[in-house]
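These protein sequences, in sequence, are chains A and P. Counting in our numbering, the first sequence runs from 1 upward without gaps. Counting in our numbering, the second sequence runs from 1 upward without gaps.
Some hints could be false.
As the list claims (entries may be wrong) - A few chain P residues that face chain A, going by a derived Cβ cut-off under 8 Å, partial list only:
no.: 1; residue: Met1
no.: 2; residue: Val24
no.: 3; residue: Leu28
no.: 4; residue: Gly49
Stated by the list, open to error - With a straight-line cut-off of 16 Å between C-alpha atoms, the simulated EDC-like cross-links for lysine to aspartate or glutamate are:
no.: 5; chain 1: A; residue 1: Lys155; chain 2: P; residue 2: Asp17
no.: 6; chain 1: A; residue 1: Lys181; chain 2: P; residue 2: Glu25
no.: 7; chain 1: A; residue 1: Lys169; chain 2: A; residue 2: Glu156
no.: 8; chain 1: A; residue 1: Lys70; chain 2: A; residue 2: Glu156
no.: 9; chain 1: A; residue 1: Lys169; chain 2: P; residue 2: Glu59
no.: 10; chain 1: A; residue 1: Lys11; chain 2: A; residue 2: Asp22
no.: 11; chain 1: A; residue 1: Lys70; chain 2: A; residue 2: Glu17
no.: 12; chain 1: A; residue 1: Lys181; chain 2: P; residue 2: Glu15
no.: 13; chain 1: A; residue 1: Lys155; chain 2: P; residue 2: Glu15
Everything labelled a hint here was simulated from the structure, so no lab data went into it. Since we're looking at a predicted model, the values are computed, not measured. Don't be surprised by glycine CBs; every beta carbon is placed ideally from N, CA and C.
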Amino acid sequence: MAEDDRQLVLKCREMQEQAYQDLMRRYEGYIYRLCQSFINNREDALDLTQETFIRVFQGLETYQLNRPFKPWLRQVAVNTCVNFLQRHSSAPLFLDQPVADGNLTLADTLASREDPAQEIEWQETGRFLQEAINRLPQVYRLLVVLRHQEGMSYKEIAEETGVPLGTVKTHLFRARAALRKGLSTYYAWEE
Amino acid sequence: MQCNQESLQMYLDGEMDAEARKTVELHLGQCRSCRQEIARLQLLWLELGQTNEVELPAELPYLRQQIIHQAMRSRQDNKSSEASYWDTQKLAWQPAILGASYFPGVALLSTVSRATGRQIPRLMSGTIALARRFVFPPQDKKGGNQ
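Chain P with its partners taken away, still in its complex shape (with noise of 0.2 Å):
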C-alpha cells in the first residue's frame, strides 16, 4: 500500500472493511510516517469531537410560546377544514340526489321491493304445494273408500 492521506481517514472514521482496515494496519507498522500522521489526524479527530458548548439565545423561550401557539392553531385549522370538507360534501350532492328522486321509475322502486315482499310468501307456499303434489301423488278417495 502507498501512503494514502484519504485512507488514513476512512480507516480513523471507521468506514473501512476488515481487509482493507488490516491492509492499512500492515502498512501503518512499516511506515514511520504515515504513524506520525495518523497519531496528528486522532488528536484532530479529537478536537472536533468536542461538543460545542454555544450558549443558548435568551429569546428561546419566547420563541418556544410562538411555535407552539403557531403549532396548535394550525392543527385547530386542519380539523376544522376536514370537518367543513364533509359539510361541503354534503351540500354539494344534494342537489343530484334530490334531482335523481324525479327520475321515473325511481320512485316506484319502494313500491316495487313492497309489492315484491309481500307475495314472496303466497310465491313460495304456492310453489311448495305444487312439489308436495308431484312427491305425494294424492290419493285416489273413491277406491280409498271402497
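Pulled out of the complex, with its shape left as it was, chain A reads as follows (with noise of 0.2 Å):
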C-alpha cells in the first residue's frame, strides 16, 4: 500500500532516501505542468521544478505535518513561480492598474494566423484555446490556471499569490473576456 504523505515527510526528515524518492515521483509531474502552465517555457518550468522541490525539501521541518502536503507544495511552487515572473518582469506584477493590454482582445495573443499550417492545427476548440492562453500575459494566465485548473477561490488565489482580492477578480474579468472574444471569432458567433 502506498505511504501517505505524511509518513514520506517524516522519513524524509529522518533522511531516508527513498522516502524523497517516492515523494518526487508523486508530485514532480504535477509541479512540472503547473510551473509550465504558468510560465509556458519547458526550460523554465524545469527549472523552477527544481527550485521548488529544493524549497520543499529545506523546509520540510516548518512544514505541520496536520495540514495536507499537497497545497503545501502547490503554495511553494506558486511563490517560486511569482518570483521568477517578478524577476523577469520589467514592471511590478501586481499592480491594481490593468496590464498594459487594458482592451486585450484574443486576436492580440494569437500568433499571425497567416500560415496555413498552423490555421489547420487550430481546428481543435481545446487546442486554439490553449494556445490563446498560453499568449496570455503571465500573470493573467498564473490566475487563469489557479481558477480553473487548480479550482481556488478568488480569495485564496489572493492569499496563495499574494495579489490583492481586487485585482484577482479583475485581472480574471480581463483574461477571460479576452479569451470569450477569441472564441466568439473561431465559433464566428453573432454578437
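The task is to assemble the complex, starting from two chains supplied on their own in separate frames and drawing on the hints.
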C-alpha cells in the first residue's frame, strides 16, 4: 500500500532516500505541469520544478504534519513562479492597474494566422484555446490556471499569490473576456 | 439589474452570496442576451477546466536524482553545523570559566559549603537542646532526693 504523504515526510526528515524518491515521483509531474502552465517555457518550468522541490525539502522541518501536503507544495511552487515572474518582469507584476493591454483581445494573444499549417492546427477548440491562454500575459495566465485548473476561489488565489483580491477579480475578468472574444471569432458567433 | 459581464463571470465562479445569485438568476429569466452570454461563458469554462496534458520531459528522473542528492547533502550540512555550534560554544566559554576560577574567594566556596554541611547537624542539635530546656525545665535534683 502506498504510504501517505505524512509518513513520507517523516521519513524524509529522517533522511531516508527512498522517501525522497517516492515523494518526488508522486508530485514531480504535477509540479512540472503547473510551472509549465504558468510560465509556458519548458526549460524555465524544469528550473522552477527543481527550485520548488529544493525549497520544499529545505523547509520540511517547518511543514505542519497535520495539514495536507499537496496544497503546501503548491503554495511553494506558486511562490517560486511568482518570484520568477517578478525577477523577469520590467514593471511590478501586481498593480491594481490593468496590465498594459487594457483592451486585450484574443487576436492580440494569437500569433499570425497567415501560416496555413498553423491554421490547420487550430481546428480543434481546446488546442486553439490553449494557444490563446499561452499567449496571455503571464500574470493573467497564472490566475486563470489557479482558478480553472486548480479550482481555487478568488480569496485563496489572493492569499497564495499575494495579489490583492480586487486585482485577482479584475485580471481574471479581463483574461476571460479576451478568451471569450476569441471563441466568438472562432465559432463566428453573432454578437 | 443591468446586463453585466463581470457579474455573470462571478456567478459562474460561484463567488456570489445567495442574494446576489438570486438577483442574477432573476435577471437571466428576463434577459435573452444574458442567457446566451452565460451559455457561451459556460462553454469557455468547460474548455478552461480541461487539464492541459503537457508531456513530461525525459530529463525529469535525472533532475530528481540531482534534487535528492542536493537536498540530502544540505540537510547533512545543517546537522553537522548544528553540532559544531555547541562545540564552538563550549570552546568559546572555556577561557571565561577558567578565568572565573581565579577570582579571590571562588575557590573557598566549596570549603565553606563543606564546613557548613558538617556544622549543620551540631547546630541543629544545640538548638533542639535549648528548646527542650525551656519546654521541659530540668527538675531540681536536690528536692527530688528529699
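Against the structure, the hints:
{"no.": "1", "hint": "Met1", "result": "17 Å, violated"}
{"no.": "2", "hint": "Val24", "result": "15 Å, violated"}
{"no.": "3", "hint": "Leu28", "result": "17 Å, violated"}
{"no.": "4", "hint": "Gly49", "result": "5 Å, holds"}
{"no.": "5", "hint": "A/Lys155 <-> P/Asp17", "result": "14 Å, holds"}
{"no.": "6", "hint": "A/Lys181 <-> P/Glu25", "result": "23 Å, violated"}
{"no.": "7", "hint": "A/Lys169 <-> A/Glu156", "result": "12 Å, holds"}
{"no.": "8", "hint": "A/Lys70 <-> A/Glu156", "result": "15 Å, holds"}
{"no.": "9", "hint": "A/Lys169 <-> P/Glu59", "result": "37 Å, violated"}
{"no.": "10", "hint": "A/Lys11 <-> A/Asp22", "result": "11 Å, holds"}
{"no.": "11", "hint": "A/Lys70 <-> A/Glu17", "result": "20 Å, violated"}
{"no.": "12", "hint": "A/Lys181 <-> P/Glu15", "result": "22 Å, violated"}
{"no.": "13", "hint": "A/Lys155 <-> P/Glu15", "result": "9 Å, holds"}
In this structure, the hints that do not hold are numbers 1, 2, 3, 6, 9, 11 and 12, in rising order.
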